[in-house]
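Participant: If you want the building blocks of each chain, they are given just below.
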Amino acid sequence: MRVIKNLLLILLALLVAYAVIMTVAELPPYGQPDNPVHNQVAKRYIDEALEETGALNMVTSIVLDYRAYDTMFETIVLFTATLAVVITLKTGKGEGRRK
Amino acid sequence: MSGLLEKLLINYPYLVAALLFTIGTFTVLTHPNLFKKLLGINIMESAIFLLFVASGNIRGGVAPIRAVADGEAVYINPLPSALMLTGIVVSVSVTAFALALIVRLYKAYGTTDMRRIVARRKEVTGDDGFDQN
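Here the protein sequences line up with chains Z and R, keeping their order. Taking numbering that gives the first Met the number 0, I'd label the letters of the first sequence as residues 0 to 98. Taking numbering that gives the first Met the number 0, I'd label the letters of the second sequence as residues 0 to 132.
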């Protein structure tokens, strides 16, 4: 039973490996400047970020200016995770319970 | 077949990401220890980060910072790096919550081994907690 289960797991992992490696072979060649990922969006950020946001670092200008809402809700994700950790560890039965 | 190998060698950062993802999947599936399962999930997340950041690279490009580059430099794509900052925050949140859950499970069952937890559940309640219907 255990042997069959392990064989099935290895088969599943090999299947995942085959799928992702076949996908890697179909991706555009690494490091070329005309890849589809370097489209007009990235060009706009590289050309205009200094004038539009005043940040020397373009990653900073994206995170804190162009996509500031993303960063704001990211902090909410962090806050919720902290809250969940505190609730998980400080409530319920066990020695960590609040009186 | 040699064409496939050549494409894989050209895309070697993506290949490393794919192998890391497979290692993470295998770890999650095979290890009964919950900490090791969480490590597998983290390895998979690192693979995704590597894939994204590598996709933004240009050979011979410089980091997208104005102060360190001279006039005619080719900047690499800053967008995948910025997006992966968000991804890292989500990864840290998930890891923290999962660790908290593992600590609670350890307090309740005295072990982090999933098979032993299932066995203890079966002892106490009579069912293994999987078929609730």
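No lab work stands behind these hints, which were simulated from the structure alone. What you are looking at is a predicted structure, and each value in this text was computed from that prediction instead of being measured. One or more of the hints may lead you astray.
Said to hold, decoys possible - In silico EDC-like links for lysine to aspartate or glutamate, alpha-carbon gap of 16 Å or less:
(1) R:K35 with R:E122
(2) R:K36 with R:D112
(3) Z:K42 with R:E71
(4) R:K6 with Z:E51
Participant: Next, verify each hint and record whether it holds.
Facilitator: Cross-check of the supplied hints:
no., hint, result
1, R:K35 with R:E122, "violated, 25 Å"
2, R:K36 with R:D112, "holds, 10 Å"
3, Z:K42 with R:E71, "holds, 14 Å"
4, R:K6 with Z:E51, "violated, 39 Å"
Of the numbered hints given earlier, the model fails hints 1, 4; all others are met.
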